[in-house]
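Sequences listed follow chains D and A, in order. Take my numbering: the last position of the first sequence gets the number 321, and nothing is skipped along the way. Take my numbering: the last position of the second sequence gets the number 432, and nothing is skipped along the way.
Just so you know, nobody snuck in bad clues.
Here are the in silico distance ranges between beta carbons for each label pair:
(1) A:Asp316 with D:Ser77: 21 to 29 angstroms
(2) D:Glu234 with A:Glu137: 28 to 36 angstroms
(3) A:Ser392 with D:His118: 16 to 24 angstroms
(4) A:Ala296 with D:Lys83: 49 to 57 angstroms
Here are the simulated lysine-lysine pairs, DSS-like style, with alpha carbons at most 25 angstroms apart:
(5) D:Lys107 with A:Lys324
(6) D:Lys83 with D:Lys107
(7) A:Lys318 with D:Lys83
To be clear, the hints were calculated from the coordinates, so they are not data collected in a lab. Keep in mind the model is a prediction, meaning the values are calculated, not measured. Idealized CB from N, CA, C, for every residue including glycine.
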Amino acid sequence: MRRHLIGIEGLTKEDIYSYLNNAATFVEVSERELKKVPPLRGKTIVNLFLEPSTRTRVSFEIAGKRLSADTINVGASDSSITKGETLLDTARTLQAMAPDIIVMRHKESGAPHFLAKHLEKTSIVNAGDGMHEHPTQALLDLLTLKHHFKERSAGIEDLTVAIVGDIRHSRVARSNIWAHLALNNRINLVGPPTLIPEEFRHPRLFGEKINIIHDLKTGLRGADVVICLRMQLERQTDKFVPSLEEYSQEYCVNERALQAANPGCVVLHPGPANRGLEVSSAVLDGAQSLMQKQVNFGVAVRMAVLFALATGKTVSEGKSE
Amino acid sequence: MSKLLIKNGLVIDPAASLEEPRDVLLNGALIEAVERPGAIPESAATEVLNASGMWITPGFIDLHVHLREPGFEWKETIESGSRAAALGGFTTVCCMPNTKPVNHNAEITRFILEQGRRAGACRVLPIGSVSVGLKGEEMSPLSELWAAGCVAFSDDGEPVWDSGLMRRALEWAKMLGARISCHEEDKKLSCGGCMNESALSYRMGLNGMPKVAEDVMVARDIELARATSSKVHICHLSSARSVELVRRAKHDGIDVSAEVTPHHLLLTEETVGDYDTNAKMSPPLREQEDVEALRAGIKDGTIDAIASDHAPHEQDSKLVEFSKASFGILGLQTNLPLTLELVRNGTISRMRAIELWTRGPAKAFGLERGTLRCGAPADLSIINPDYHWTLSKELIASKSFNTPFMGRALSGIAETVIVEGQVVVKAHKLSR
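With the hints as constraints, model all of the structure from the sequences given.
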């Protein structure tokens with residue numbers, strides 16, 4: 001039993017299913033009238049969100065509360081980071097108050113590794129670090145798909161998954177690619193060359209099993225799942241394209257482009273969406289979109305992760321110890 | 001006048017193509033004689049040193065160190081840095097001008113020289129900045145700096161991004177007979193990067209510094225040197241392509257010299273591992289193919305010198321998120337044993353290894369040192385190549401401890417170091 005969940009990289013198919021199966025049992029809790037179960041009573045969870053976030057932060061907070069843990073939220077503006085305190089000092093201060101789990105969102109890749117290296121007793125859950133990983137997002141995407149494809153004999157395996165947009169800067173893309181590689185699914189990365197480095201096919205990254213496709217329709221051909229990524233304008237992704245208008249003309253996932261995909265194809269988006277830029281409103285609000293379900297399943301997945309780490313029962317985490 | 005006779009050692013003096021048992025007689029601050037064993041009677045000396053089992057080499061020269069004084073004395077001082085240098089076998093270090101204030105006028109140059117003399121551990125030779133304040137906007141007073149004692153010019157840490165300024169500086173430096181030492185990095189290409197750009201950087205989600213950011217600037221400065229018939233020195237080569245550019249430039253007869261660090265010769269980007277900030281430096285650690293090309297470069301003479309890029313930083317500036325950590329690592333005390341690793345693994349001969357630390361750098365910067373010929377300054381390192389030790393905090397003379405080699409088992413140490421006839425290191429300890 002490992003202590004942290006830092007990435008999907010290194011998780012086996014069994015690890016992933018273990019989280020998903022646990023999460024499935026917690027879906028039911030959220031459907032009750034009294035949405036609370038006692039397993040984490042007496043446990044303390046700090047949600048350290050040093051980068052703006054609504055859905056992930058709220059989702060983790062609700063997950064903790066529904067498991068009866070005491071949850072405390074610390075944001076960038078109300079942390080001492082704004083007073084110039086280093087991450088290490090912030091972490092040590094929190095550690096002194098003996099939380100069982102720190103859930104961290106941070107704009108720098110490797111920040112959760114840093115915390116895990118320096119805190120001896122606390123479990124770390126990565127709620128998104130820079131351009132590195134966002135493991136609970138990938139797990140909730142899978143849980144959403146598992147629910148949707150429950151009648152399908154192969155379930156969430158033997159799927160063609162198209163990930164469209166700003167792959168270069170996306171932690172959601174990286175976590176999802178690791179996850180679908182573990183499940184042996186076919187992966188198309190779709191977008192302009194400036195946003196999909198060829199190195200993604202390097203044997204030391206995802207390898208040649210994944211396809212890089214620059215034409216949207218070709219990339220969506222035969223897809224069972226389309227994951228739209230947010231154009232991360234705060235990372236100045238607009239500098240990687242001639243103009244946002246030109247980008248959207250080539251790569252906006254709209255109904256016309258979706259016709260190339262398999263009938264029954266579903267669309268995921270991690271949110272928040274730039275409507276009309278990476279995905280059209282008609283698609284986002286249409287029948288193929290599972291965006292609202294993703295949010296719903298997010299709570300259950302995070303309950304499963306918090307439960308596993310706090311109780312040491314079932315599932316292990318990624319390779320980062 | 002005191003006369004020291006060093007007996008029974010193996011003299012390795014690449015400048016004289018000499019690798020034979022020889023006795024060396026020092027007369028005050030100069031070398032008086034280098035003779036066959038026993039040829040110099042002990043009666044000719046006032047003191048005799050037995051160097052049995054040791055190598056006697058010219059004192060090492062490091063063309064690229066950061067001593068942080070003035071302005072960043074909590075990281076390193078000229079005293080602490082030159083003591084670390086002496087312990088590493090160095091009798092001469094050339095310190096980069098990115099201090100505060102920048103070494104861009106004679107007053108700062110004289111201050112550095114004076115602090116070096118006061119520390120008395122090794123010779124400290126300042127490098128003046130190419131541009132005022134390293135801003136790349138207006139040229140520093142190069143003549144003034146040269147007259148005050150600078151031995152080269154560099155904006156190290158920053159590239160001279162303005163090609164017009166670089167051209168004029170090369171022309172001015174040529175008139176002085178000086179060389180400009182270039183930190184090659186197109187910052188628009190390496191923008192915000194903190195490790196080598198590769199599959200690994202994408203995997204770790206870190207912004208990469210692509211090799212081409214170095215290559216385009218190496219190519220530019222070679223062409224500027226060609227166009228102006230001036231002398232350039234390429235700092236800390238790290239990419240295979242840049243090695244090839246330097247090789248071809250030399251073949252074309254351009255007066256280009258080049259250096260490489262021990263860490264770029266021994267480590268790859270994999271050392272970054274679990275976001276280890278002690279493996280963060282600029283240029284970054286590259287890939288195996290680059291390591292191979294750099295090794296070929298020191299072997300065939302494309303690269304003239306090894307230089308440490310000794311860059312001390314306090315722990316606080318490394319104990320942070322990877323992208324926020326300072327660039328740079330220590331080098332002075334590990335240069336020798338790391339270079340000997342390249343001898344042991346068959347990359348270069350011991351003669352070539354010593355050349356890369358003596359005659360090579362002396363020639364690149366036109367320093368009248370780096371040889372044991374009669375009449376030369378009595379700067380010597382007496383090396384015990386088989387001394388086994390492990391790098392630990394206690395052994396580090398620098399004020400900082402930022403090195404990825406902490407805990408590494410090393411072989412080879414400077415047993416005795418002599419600067420202008422003065423014994424500064426004895427039994428691998430500072431003698432004062």
